[in-house]
Amino acid sequence: MQEFIEKLKKLKKGVDFEHETALFDNGLLDSFDVIQIIAMLDDDYDITVPPSQIMPVNFNSAQAMWDMMKRLEDE
Amino acid sequence: MDRFEAVCAVCAPCLHEGRTQHILPRNLKNESEVISEGNHESSNSSGAREQRSCGAVRGPSKKFRVWTGSGHKEKIMKLKHWIKIAVFAAITIGVLLYASNLLRVANEKDAVGIYGFYQEPEDSLDVVLIGSSYMYTYFYSPLAYEQYGLTSYALASSTMTAPLYRYAAEIAIEKQHPQLLVFETGSFCYDIQQDEVSLRKFLDALPDSEIRTRAINDIVPEDLKSSFLFPFEKYHSSWNRIGECLQVAQDKADIRGKGYSITKNYATTPQYISYSRQTRKYNISEEGFKYLEILLDYLKEADIDNVLFVRFPDMYNYDVQDSYTKMIDMIREAGFDFVNLAGAIDDIGIDMNKDFYNNSHLNIFGAQKFTPFFTDYIMKRYDISTDHSPETDAEWEDCASYNDQIIANMEYLTENKAGGYLYTQRDFLADYIGIGEAS
Amino acid sequence: MTLTSLTFFGFVAASLIVYYIVPKKWRYLVLLAASLAFYGIVCFKYFPFIIFTALSTWAGALWLDKVAKDRKALLKEHKAEWDSEQKKKFKHSTIIRRRWILALVLVLNFGILAVLKYYNFLAEWFGNIINMQLPMVGLLLPLGISFYTFQSMGYIIDVYWEKTPAEKNIARFGLFATFFPQIIQGPIAIYSELAGQLYEGHDLSYENIKYGAQLIFWGLFKKMVIADRLAVVFNTLFPVRNSLSNAYSLLLLVVYMVQLYMDFSGGIDIARGVGCMFGINMAENFRRPFFSKSISEFWRRWHISLGKWLKTYLFYPMAVSKAFLRLGTWISKRGKKPSEEIPDDSIWGGFTFAQHLGRVLPGCIGTLITFFIVGMWHGANWRYAGYGLWNGIIILISMILEPVFKWLLRKLRIRVDTAGWRVFQMIRTAILVVLSVVFDIADNLADGISMIGKCFTPVLGPTTHLGTEVSTGIEAADWIVVITGLLIVFAVSLYQEKTGKHIRESLSRQPLWIQWTLGIGCVVVVAILGMYGPGVASGEFVYMQF
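Protein chains in written order, with the working numbering: chain A, 14 to 88; chain B, 227 to 665; chain C, 10 to 555.
Don't take every hint at face value.
Only part of the chain C face toward chain B is listed, based on derived beta-carbon distances under 10 Å [claimed, not checked]:
1) 20
2) 105
3) 109
4) 148
5) 536
6) 542
Simulated from the structure, these hints should not be mistaken for lab results. In this text the structure is predicted, and so the values were computed from the model without any measurement. Idealized CB from N, CA, C, for every residue including glycine.
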């Protein structure tokens, strides 16, 4: 998880991924950032995020993203 | 962060205005396992904080579903709410009605003049004059009273057209049962009798009443009816003439305060022009005959003894058509009278270079000559009694007491060609000459 | 029956009465009946179209769910027997089948929309290419087809993605597909947000009635007092748009934009107010768009429901598709591999140019395509395509050059966290938005460019080059009304922007006499200053002498 947060930090500078819980709702991440995160998940973790999962709830915090990844892996 | 809090991040939408609840999947309880449930605080649609229930479930496909319940009771309508709504509505409608009345001014002078007619005590008028601007510029009622003891009123509006005559007659008879009705015949020459502006100048000045509604349904063209029956539709846009409307309201208030109008719809422009000889036709139109017939039919059945149709004199030289004679015949056949005053300029004593303020209207000088002439004529021709109740005489004595002041004012202004616009009661009483304001 | 007509409000009042009399569990049926009646009254000829969309979507969604359910059941049944290879094949076949079902519904319904809306446009364009005169068709559009089609298609895509279960009850779904307050100008609703509220019978709540009425009158104020007045100005200046002087040219654009905003957002307020009275909270469509600091943000605050729909169902699926992701990766790898770590404050923000481009390009292409669609959604005309692309290209350029701008600002030592900078951004965005209006107004590219040029050199003078006076179409008193109205709207927007709350909350805390004065005042202002009724020219009543 920590590694994941490091990658996020590299992707988007200046955002507190450790503690923020309203990343998307507060505008800290925009749609371009979400695309890049998904690209990163595809490249580095080999996880395909289907469009149906692109919801604020799944991207509002690093933990939420992590949970989503776990769920997608299970399938 | 435990699972529950992660779930409540979903309720983030609740924190934004506008969401009361999410859909509750119907297979929730059956197929899914409830992971967590609880309450949290969020804002409802009106922004107030409240408790909401929410939870997280895991469906059989392991897909994450969340649900929230509304968990709060919206304020249900009680009696006190109904009362509030009713009172609010009542006040609003009241304000709108007031505004509607205030803004319903097609022509300032007519609005006040006709209002004044309705203020006159019932059955106090001997003569009612019905027609267009001839009636209220040629004839000065308080002067007729001063000189002959005759009470009269010009129930007339600017450019009044023939279809309105029958209804004006009905109003006059119903309210005053006058001994004589006088009509002017010029209106029958008009081509477009249902000209909207002319209709409005009279009809919108009438108070809402059964006869007004009847007149509208009879005369007004279909496509305009609704804006006559509901004048607000038209007059709301008069807000940018609010100054004029307030002036009219003030004038009406003055009349109400005194109990009656002082100058009885008289109006004039203080100037004189020199004689210019222009010719025009005097021809009764098809429509004119139609409305004349309607009027005559009505008058035959109505409670009125004496009716006089008058052709008024003015500066024009008229090329009189055959229809004119036909009209006179129609009037006489119905049992009513006609008199042509166009040829009586000399008898009246009118000075063509001093007594007109435009081609077809006498000024104060002309009115002072016409009024006694005409009053004398009708009193000789008809057996008009000038017995009135003491209240009526008192009212008219009072009105006549202003005559000298008013006439002096207007003569002064007319001599100096002050001109400009049509003067009415509120203008007459100001202090122009410095002998003190007539109050 | 437009949103500002007495007939409409009469209809709403009647529907409200029936709604609250009927027992709660049947209240949604009242809404359905009202929606069908509304559509029938306003647009009877095209009634079959909306029914077709509703039915085909409802049936298609059920079919999708059935396939998914069967798949689960069969997988469970054969859990032991099948190996993973067989399971995968089976799953794949059901996915293919579901894809076909979805495609069928989408093609049918979007096809209808495409044909009705774009046939003439395409025929003309294609005809020019092959040098033939293709037949034109005299087709009118069913009311709200762009809105209800998108709304229903969003639903079936959600079902396909298994984000929401299919609605079995045809009456319930029919209501979602035809809900009447939304049919005229939207907003386009998301099923999961709206459906629950629609189906649940609501209590007659004083708050709902009160807030609904407030919203409605606020909307009427914006539309009838401000927008309709500016419409007169627009109709006066538009015919002479090519010969206007610079200042009046600018005025024309600004008036058009402001009128459009007041008209559209006013209409939305009325629709939402009606929904609120039924206890239903419809999605916001405008969130004070002129406080936007960028064009991207503008489209999150203007016509929100359309942007959201396209983002959810077009943009994201495109941008995270394998093709796009691969493209991004490929571009990233094109450039020279950096020999050392690139500092964060370098010109491309810590990446090589190729890396940066690879990161933003999928999104940019997706944005361009999406905004092209946004443009075309507005109408079948190249000018609308241009309008969409104008927005798309601005965003594209700003995304690609974003790190460069940041670098520049740092070098010039300009602080970006000040109020002054934010205001600058808002003004800059507003200017870009106003200029985009040129696409609607200018006849061709040359005229458009000349119009924009004029705006940057505003010169007050005679209103036309020919020196003839052109009035604005309304009087000074009317301009005072417009400006005052806009100031009021601005003040309310500022309050909402700063506090994030609706003004109605603050209002409900005020003493009763203030609330009532404002309320009665608002109604009276709309009734008197609204632009309706016969001839609003004040010079009509002149003392006419016979």
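> When the nearest CB of chain B is found for residue 109(C), is that gap smaller than 10 Å?
Replying inline: Since chain B brings no Cβ nearer than about 21 Å to residue 109(C), farther than 10 Å, the hint is violated.
> Does residue 148(C) pass the interface check with chain B, least Cβ-Cβ distance below 10 Å?
Replying inline: 31 Å, violated
> Measuring from the C-beta of residue 542(C) to each C-beta in chain B, is the shortest one below 10 Å?
Replying inline: 4 Å, holds
> Does the nearest C-beta of chain B fall within a distance shorter than 10 Å of the C-beta of residue 536(C)?
Replying inline: 6 Å, holds
> Is the hint on residue 20(C) kept, meaning its closest Cβ partner in chain B is under 10 Å away?
Replying inline: 19 Å, violated
>> Interface hint check: residue 105(C), Cβ to nearest Cβ on chain B, cutoff 10 Å. Holds or violated?
In response: 19 Å, violated
Violated hints, in rising order: 1, 2, 3, 4; the structure is consistent with all others.
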